[in-house]
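Q: Assemble the whole structure, with the sequences as input and the hints as a guide.
Spelled out, the chains give:
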Amino acid sequence: MKSRFLTLKPHDARIQVIEAGKGRDLLFLHGAGGHLPNDPLIAALAEKYHVLAPLLPGYGESTGEESLRDMLDITLHALDVLAALKLKNPIVVGHSMGGMIAAEMAAVAPGEIGKLCLLAPAGLWLDDHPIVDIFSKLPFELPGLLFHDAAVGQRLLTSGLDMEDPKFLQQFLVMNARRLGTAGKILFPIPDRGLSQRLYRIAAKTLIVWGKEDALIPAIYGEAFKKAVSKAKLVKVGKAGHALGQERPQAVLTAIREFF
Amino acid sequence: MKFTWFHLMPWPHMPDDFREKHRSVWVDLPNRMYEPELGHGIYHQYLDQLEYAESVGFDGIGVNEHHANAYGLMPSPNIMAATLTRRTSKAALVVLGNSIALYNPPIRVAEEFAMLDVLSGGRLVAGFPVGTSMDTNYAYGTVPALTREKYAEAHDLIRRAWAADEPFAFNGRYTKLRYVNCWPKPIQRPAPPIFIPGGGSVETYDFCIDNTYSYSYLSYSGYLRAKLLMEGYWKRVAERKVDDSPYRAGFAQVICVGETDAEAEKLYAEHVNYFYNRCLHVYPGFADAPGYRTVKTIQTGALSQFTQAAARDYPNLSWKDLVDGRYVVAGSPETVRQQMEELIKSLRVGNVFCLLHVGNMPDDKVRHSTKLFAEKVMPHLRNLWPDWQNQDERFWIHPMTDKRASLKVAAE
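Residue numbers (numbering that gives the first Met the number 0), protein chains in the order written: chain V, 0 to 259; chain U, 0 to 411.
It should be emphasised that the hints constitute simulated quantities derived from the structure, not laboratory data.
No residue lacks a Cβ here, since even glycine has one placed at the ideal position from N, Cα and C.
Treat the hints with care, as some may be off.
Stated by the list, open to error - Computed from the model, here is a short list of chain V residues facing chain U with C-beta under 7 Å:
1. Phe-134
2. Ser-135
3. Leu-137
4. Val-173
5. Gly-180
A: Right, dumping it as structure tokens:
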């Protein structure tokens with residue numbers, strides 16, 4: 000997978016975009032953890048689509064997070080990226096936080112987003128089903144929280160790096176401070192920035208995909224999204240946790256291919 | 000030298016198996032552990048101790064702000080300081096401080112600090128901490144990566160509100176006020192002396208230097224481990240070409256004084272153990288929300304006092320380990336004097352925040368240790384900065400001098 004870079008007005012933010020595959024355009028927006036090394040979902044999507052996966056400021060080599068403060072800033076930023084990539088009626092896919100951003104884009108600019116795919120999106124809060132506080136979790140707790148199979152998750156998250164190694168942990172802390180620092184602007188302390196009031200505006204044909212074993216945002220949130228978005232279908236994937244795209248990439252690809 | 004007797008006001012009834020039963024003293028410790036009717040007596044005992052500290056000659060008495068925890072029971076330090084204005088008359092009231100990013104609108108801090116300064120006749124030292132991540136982010140919900148920007152804006156608003164003699168409009172990103180009009184305003188003009196608690200970020204060094212604020216390093220790991228950080232501060236002071244007044248800096252230290260070294264261990268060991276193993280038992284996931292510290296600060300390797308505590312093996316440190324490692328300064332008056340002198344000189348600090356109530360220490364021991372420190376230690380440490388005539392008026396209170404107007408409100 001190769002990277003290209005965009006420079007965005009007005010703050011000259013430099014945005015890293017992973018590009019892979021051939022076919023119809025597909026914009027992929029990552030979750031709060033960013034891309035995995037050799038991300039299995041991007042690899043699977045690239046088998047059938049021309050995938051463009053921008054990294055949000057604060058992630059990877061993308062810069063400019065200091066001028067993004069709230070949901071509107073981040074939504075408009077993502078729309079700016081979409082415009083700068085000059086894509087024609089792409090499928091916009093977003094995972095978790097990226098799903099929240101994609102849903103906001105489609106609600107704010109319904110004329111610009113015709114095909115929307117939300118993979119276990121954040122953005123709603125149900126009092127009876129509180130979402131786990133991801134920000135207070137320690138690195139070793141993440142595989143079990145994000146994956147149905149924690150051992151697979153551990154391998155994917157670390158690519159074999161040693162979480163106990165102090166040097167790795169120091170780098171991890173810096174990376175984490177940038178990434179989750181940015182994510183916190185729309186997810187901390189509760190990942191609800193009023194999306195529920197705007198979901199009715201989404202005009203896109205919408206596919207919602209959820210891991211049945213999602214321990215972070217329980218699958219019942221899928222029902223809430225489906226109810227609030229007019230042209231939506233909900234698909235649940237078995238043996239998949241919150242990182243369903245990384246854990247069951249082919250199942251997610253199939254769902255997208257069948258729907259769009 | 001200025002000595003401030005500082006109270007953390009911990010909950011003294013955490014059970015022996017606290018560490019095993021609870022993951023954290025902060026944020027998610029169920030408040031069923033708190034017993035309000037016991038709390039009544041505890042608050043008053045703690046306030047009595049602060050008043051006692053003035054009576055034996057401490058220059059300042061100190062309180063601070065924390066939330067959702069058993070480590071320190073002062074969600075509002077201003078309420079505590081207000082009670083102290085009535086029954087003290089000389090000591091500086093060191094409120095260290097108000098976490099200004101948490102007040103909405105932050106003009107509240109300007110108002111309440113002004114009230115305290117007026118009530119006390121100009122004895123307020125105003126502290127502006129960012130607040131721990133447990134308090135600011137987890138208990139009060141401030142977005143970690145926006146905390147510092149919010150703090151800076153609140154600081155700007157408060158300083159302008161104190162300085163102004165006319166209403167003005169404030170169009171901030173986080174606070175918009177058409178009429179900023181601080182009634183009352185403080186006696187000390189343009190502002191009370193301001194102390195900033197810091198934990199090693201270069202940005203905070205510069206903030207203190209730029210504004211002539213005193214930098215206060217609050218650590219529980221003692222002065223030996225603080226040396227590197229304080230050297231960083233003094234290096235920055237030198238680079239910025241400002242004077243090196245020791246009163247630009249302060250340090251908090253757990254201190255236990257007995258008649259002899261052996262008595263100190265006998266009297267205080269269990270309470271020091273309580274403090275390090277229960278009061279500082281913070282779940283690492285709450286110690287430092289991602290985005291709370293700047294990337295630059297993380298890269299310097301500086302850790303907050305609570306992250307340090309989480310990383311240290313306190314349960315396995317004995318009294319001897321803690322004393323020999325100078326986590327605590329403890330022993331006979333002469334032992335304590337020697338170590339305090341070493342602390343003051345090696346860190347170059349004009350302010351010491353003395354933690355003489357430790358953990359679950361009962362009142363008689365608190366007063367015993369406090370009295371010995373005041374009578375047999377403090378006098379010998381008064382003349383350590385003769386080049387500065389042992390004071391620096393930029394960093395200390397200026398009480399009102401008009402005796403006709405000054406009411407005698409202190410308790411008999």
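Q: Hints first: check each against the structure and report whether it holds.
A: Status of the hints after comparison with the structure:
no., hint, result
1, Phe-134, "5 Å, holds"
2, Ser-135, "4 Å, holds"
3, Leu-137, "5 Å, holds"
4, Val-173, "5 Å, holds"
5, Gly-180, "3 Å, holds"
The structure agrees with every numbered hint stated previously.
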